[in-house]
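Here is what each chain is made of, one letter per residue.
Number of protein chains: 2
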Amino acid sequence: MQRRQFITATAAALTASSFPLSRTTAAPIAPLTVQQVIDALLADIPGAPFPNTVDTIKSGDPNSSVKGIVTTMFATNEIIGKTISLGANFIIAHEPTFYNHADETKWLSEDPVYRYKRDLLDKNGIVVWRFHDGIHAHKPDGVRMGVLQALGWDRYYNANDPFLVELPAPINLGQLMIHCKKSLDIGKLKFIGDPTQDCKRIVLSPGAPGGQRQIANIEKYQPDCFITGELNEWETNEYVRDARIQGRKISLIVLGHAVSEEPGLEWLVPVLKQKAPGIPVTHLPSGDPFSFI
Amino acid sequence: MQRRQFITATAAALTASSFPLSRTTAAPIAPLTVQQVIDALLADIPGAPFPNTVDTIKSGDPNSSVKGIVTTMFATNEIIGKTISLGANFIIAHEPTFYNHADETKWLSEDPVYRYKRDLLDKNGIVVWRFHDGIHAHKPDGVRMGVLQALGWDRYYNANDPFLVELPAPINLGQLMIHCKKSLDIGKLKFIGDPTQDCKRIVLSPGAPGGQRQIANIEKYQPDCFITGELNEWETNEYVRDARIQGRKISLIVLGHAVSEEPGLEWLVPVLKQKAPGIPVTHLPSGDPFSFI
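Residue numbers (this note's numbering), protein chains in the order written: chain A, 23 to 315; chain B, 23 to 315.
Next up, chain A with everything else stripped away, as it sits in the complex:
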């Protein structure tokens, strides 16, 4: 903690002085390390660095000089390959690298899929850092802002009620679903509801916030439609099924986890360009893992 706090303070000072100076004078930009970029990002996050967080380095050396940055939802083998092709060496991923939330790898140590990925990262000197808790703790939540922008709804954002989207005029659930699919590049989504039902009051909850938080937001806002990324299939959907049989006007859209948050990693690109001037920053969507039949 001590060391990270010191680095954060240094990075914050750099952000406030050297970076803008470099930009205005077009002087050669000093190489930045991965840790300096991380600390510059965390300098904007209230309460960061967090004592307990999944936002840790998953591979590589935080003291590496950054040649290029890729932002994405998942550092898949495909994204790692594209990162290497770009000549970049730093992947900022929102989700785990090794198939579990905490990126514990002991249980995978002999697994051939894990070992291949680990070798691919190590041999190519690729650093992967997760930016999950931090981007959500940003004011405003960077993922939320990216998704709102992609949906053309950022103008309805209200910092006092960040989950709530009040459309100026109702559209029906069918139109709403088509809008979500087009805006977020979704092949298929799942839903509960009547496509002809009017929707004006919407709660938007990307990712997989869990049943109790999803249901608490339905209770609180009583939306026409609750839009989320992923759910446990014994939780929020069953609440909505029961509510509808009871006669309540509520519908549910489940976008898919990855596609529901991907624009948040695009939102991050201009932020990174400001924090790490001169370093190429590319958003590469890791995309929807699923097909549907």
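Hints are supplied without guarantee of correctness; some may be wrong.
As the list claims (entries may be wrong) - Chain A regions said to be covered by chain B (calculated; three or more residues, Cβ under 8 Å):
{"no.": "1", "segment": "104-112"}
{"no.": "2", "segment": "118-124"}
{"no.": "3", "segment": "135-145"}
{"no.": "4", "segment": "206-214"}
Stated by the list, open to error - Under the rule of at most 20 Å between Cα atoms (straight-line distance), these lysine to any residue pairs were calculated in the SDA-like manner:
{"no.": "5", "chain 1": "B", "residue 1": "Lys271", "chain 2": "A", "residue 2": "Asp133"}
{"no.": "6", "chain 1": "A", "residue 1": "Lys204", "chain 2": "B", "residue 2": "Phe314"}
{"no.": "7", "chain 1": "B", "residue 1": "Lys210", "chain 2": "A", "residue 2": "Ile200"}
{"no.": "8", "chain 1": "B", "residue 1": "Lys128", "chain 2": "A", "residue 2": "Ala238"}
{"no.": "9", "chain 1": "A", "residue 1": "Lys128", "chain 2": "B", "residue 2": "Gly232"}
{"no.": "10", "chain 1": "B", "residue 1": "Lys242", "chain 2": "A", "residue 2": "Arg137"}
{"no.": "11", "chain 1": "B", "residue 1": "Lys104", "chain 2": "A", "residue 2": "Phe312"}
{"no.": "12", "chain 1": "A", "residue 1": "Lys210", "chain 2": "B", "residue 2": "Ile315"}
{"no.": "13", "chain 1": "B", "residue 1": "Lys128", "chain 2": "A", "residue 2": "Gly232"}
{"no.": "14", "chain 1": "A", "residue 1": "Lys242", "chain 2": "B", "residue 2": "Lys128"}
{"no.": "15", "chain 1": "A", "residue 1": "Lys80", "chain 2": "B", "residue 2": "Glu257"}
{"no.": "16", "chain 1": "A", "residue 1": "Lys210", "chain 2": "B", "residue 2": "Pro73"}
{"no.": "17", "chain 1": "B", "residue 1": "Lys80", "chain 2": "A", "residue 2": "His158"}
{"no.": "18", "chain 1": "A", "residue 1": "Lys210", "chain 2": "B", "residue 2": "Asn254"}
{"no.": "19", "chain 1": "A", "residue 1": "Lys295", "chain 2": "A", "residue 2": "Pro84"}
{"no.": "20", "chain 1": "B", "residue 1": "Lys210", "chain 2": "A", "residue 2": "Phe312"}
{"no.": "21", "chain 1": "A", "residue 1": "Lys204", "chain 2": "B", "residue 2": "Ile315"}
{"no.": "22", "chain 1": "B", "residue 1": "Lys104", "chain 2": "B", "residue 2": "Asn254"}
No lab work stands behind these hints: they were computed from the structure.
No residue lacks a Cβ here, since even glycine has one placed at the ideal position from N, Cα and C.
Got chain A; can you put chain B on it based on the hints?
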């Protein structure tokens, strides 16, 4: 524990003597209480009753006389209504009643959806009991057997490798998916893989067993296709994506949680008819909660 063990012993004795006698003589059958039916079921489960289990009474009085039994995945408001129409009063559901695994209700005490369902159950004297841990602990797992039967694959069941299904001849992934959809009455399923890939060695894992168990079974059996009910979208699907980019021949089918286990509750019907002779037993599928667009 003491009381339950005593009742279990009593129920087992009843099963072994009075019930067959009643059937052969067509004498009036003594009314059974909910608890007697539960105990008769648990008498067949190794290790039951379990000290820690979600298989508890969710509503109603275990000393009620059973008028009729309904088996289902979810005791939805719709299923409760149909149960009342049937004149039955005992629902055996595989999944939670109140939108969380432990059926904790304190957080829902003021929720109008919860209160409506609670009132509906109470006013109509409906008992709901969950049979989740028990049916899975049955030898063989009752859910697995129901699903294997629905798929026409019970003849390939091997008690030493219950997860593994070795088809006699390969079919391609596309055919396999169509077979699953038809057999299990699924509208849409999601998958990762090449529909033309041959599949012969299959691992079948209904429900939502969690990423580490799903991945461990892929590691162990190296199947052509891994079929599951539900997953966390940062776990097994990402493992399969990475494996495929690495060149491994593995595909993934995600059936949907409810539809992947519903036949297990149909499997339970003849078991219950034997345990509770003379009591009407009906399987009512609670169905797929989702539509797709």
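Quick rundown of the hints versus the structure:
1. 104-112: violated (count 0)
2. 118-124: This one holds; 4 residues, not fewer than the three required, reach chain B with a Cβ under 8 Å.
3. 135-145: holds (count 3)
4. 206-214: holds (count 5)
5. Lys271/B / Asp133/A: 15 Å, holds
6. Lys204/A / Phe314/B: Holds. Lys204/A to Phe314/B sits at ~15 Å (cutoff 20 Å).
7. Lys210/B / Ile200/A: 18 Å, holds
8. Lys128/B / Ala238/A: Given that 20 Å is the threshold and the Cα spacing comes to 13 Å, the pair holds.
9. Lys128/A / Gly232/B: The hint holds at about 17 Å.
10. Lys242/B / Arg137/A: The given pair, whose Cα atoms are some 16 Å apart, holds under the 20 Å limit.
11. Lys104/B / Phe312/A: 35 Å, violated
12. Lys210/A / Ile315/B: 6 Å, holds
13. Lys128/B / Gly232/A: 17 Å, holds
14. Lys242/A / Lys128/B: Holds: Lys242/A and Lys128/B sit about 17 Å apart, inside 20 Å.
15. Lys80/A / Glu257/B: The given pair, whose Cα atoms are some 16 Å apart, holds under the 20 Å limit.
16. Lys210/A / Pro73/B: 43 Å, violated
17. Lys80/B / His158/A: 36 Å, violated
18. Lys210/A / Asn254/B: 18 Å, holds
19. Lys295/A / Pro84/A: This hinted pair holds, its Cα atoms lying about 19 Å apart.
20. Lys210/B / Phe312/A: The given pair, whose Cα atoms are some 12 Å apart, holds under the 20 Å limit.
21. Lys204/A / Ile315/B: 12 Å, holds
22. Lys104/B / Asn254/B: Cα-Cα ~32 Å, so violated.
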